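*Asks:* Guided by the hints, dock chain B onto chain A, whose structure is given.
Chains A and B are the protein sequences, given in the same order. Just so we're aligned: 109 in the numbering used here is position 109 of the first sequence, and the numbers increase by one with no gaps anywhere. Just so we're aligned: 84 in the numbering used here is position 84 of the second sequence, and the numbers increase by one with no gaps anywhere.
Derived by calculation from the structure, the hints in this document are not laboratory data. In this text, all values refer to a predicted model and were calculated from it rather than measured experimentally. Cβ atoms here follow ideal geometry from the backbone N, Cα and C, with glycine treated the same way. Among the hints, erroneous ones may be present.
Residues of chain B clear of chain A, computed beta-carbon distances all greater than 10 angstroms [as the list claims (entries may be wrong)]: (1) Val13; (2) Ala29; (3) Pro112.
Incomplete in silico selection of chain A near chain B, CB under 10 angstroms [claimed, not checked]: (4) Val4; (5) Gly40; (6) Glu44; (7) Thr47; (8) Asp56; (9) Leu60; (10) Phe65; (11) Ser95; (12) Glu98; (13) Gly99; (14) Trp101; (15) Gln103; (16) Gly106; (17) Pro107.
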Amino acid sequence: GAGVSQSPRYKVAKRGQDVALRCDPISGHVSLFWYQQALGQGPEFLTYFQNEAQLDKSGLPSDRFFAERPEGSVSTLKIQRTQQEDSAVYLCASSLGEGWWEQYFGPGTRLTVT
Amino acid sequence: RKEVEQDPGPFNVPEGATVAFNCTYSNSASQSFFWYRQDCRKEPKLLMSVYSSGNEDGRFTAQLNRASQYISLLIRDSKLSDSATYLCVVTPGGGATNKLIFGTGTLLAVQP
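So that you can see chain A by itself, here it is in the shape it has in the complex (with noise of 0.2 angstroms):
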């Protein structure tokens, strides 16, 4: 079946501009998860987001950073006036709920800043 997907695969953004990125988790999986994973890193996480409702986004680096998933499937993360500190891949992850541990995740998306 089908895995997680993102898009872009890749994005080149000017410091400054605002971008978007899309995240479809597998198919009935209640819970969504944003990570940020800087080069030589481990990935750190963003938010999380049970169906609809955002339940934590601690992770989240600056209110530059916003999520959203608005009919509990497809999410979106927008960066909002990038700086160059903001380059990274960000990886999305997906699982079948509370209590399921395991995580499925995406390619990510690996945002440059310029």
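*Replies:* Chain B only, in chain A's frame:
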């Protein structure tokens, strides 16, 4: 101090060698423990869960020591295809989100 600490490596080993990775975590309330594998420029994938009793999956053995807050992964008879970054992962306890907390990863390069 990072919540999950790993030796970043790289570990360069010949085919057929046995290699062990270690990881420590700082939050004693951590609930679940995993090893994920990440190939270069790919997404992380679950390798195995880690239990206090120890668990084995083929050539891979994982062990958890809750008292010492220490997790290990042993790979026997290394294959070229084992070359990847191995990420130690814990989940927070106390009813927190099911988020995953990753270590930096340990790079393994198996040489022919």
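*Asks:* Hints first: check each against the structure and report whether it holds.
*Replies:* So, going through the hints one by one against the coordinates:
1. Val13: holds (21 angstroms)
2. Ala29: Its Cβ never comes within 10 angstroms of chain A, the nearest being 15 angstroms, so this holds.
3. Pro112: holds (25 angstroms)
4. Val4: holds (8 angstroms)
5. Gly40: This interface hint holds because 7 angstroms falls under the 10 angstroms limit.
6. Glu44: holds (7 angstroms)
7. Thr47: Holds. Min distance 9 angstroms.
8. Asp56: It holds, given that the least Cβ distance between A/Asp56 and chain B is near 4 angstroms, below 10 angstroms.
9. Leu60: With Cβ-Cβ at 12 angstroms, over 10 angstroms, it is violated.
10. Phe65: Violated. Min distance 16 angstroms.
11. Ser95: At 7 angstroms from the nearest chain B Cβ, A/Ser95 passes the 10 angstroms test, so the hint holds.
12. Glu98: holds (6 angstroms)
13. Gly99: A/Gly99 check passes; min Cβ-Cβ to chain B is 8 angstroms, inside 10 angstroms.
14. Trp101: OK, holds: A/Trp101 within 10 angstroms of chain B, min 5 angstroms.
15. Gln103: holds (6 angstroms)
16. Gly106: Where the cut-off is 10 angstroms and the nearest Cβ of chain B is about 6 angstroms from A/Gly106, the hint holds.
17. Pro107: holds (5 angstroms)
Violated hints, in rising order: 9, 10; the structure is consistent with all others.
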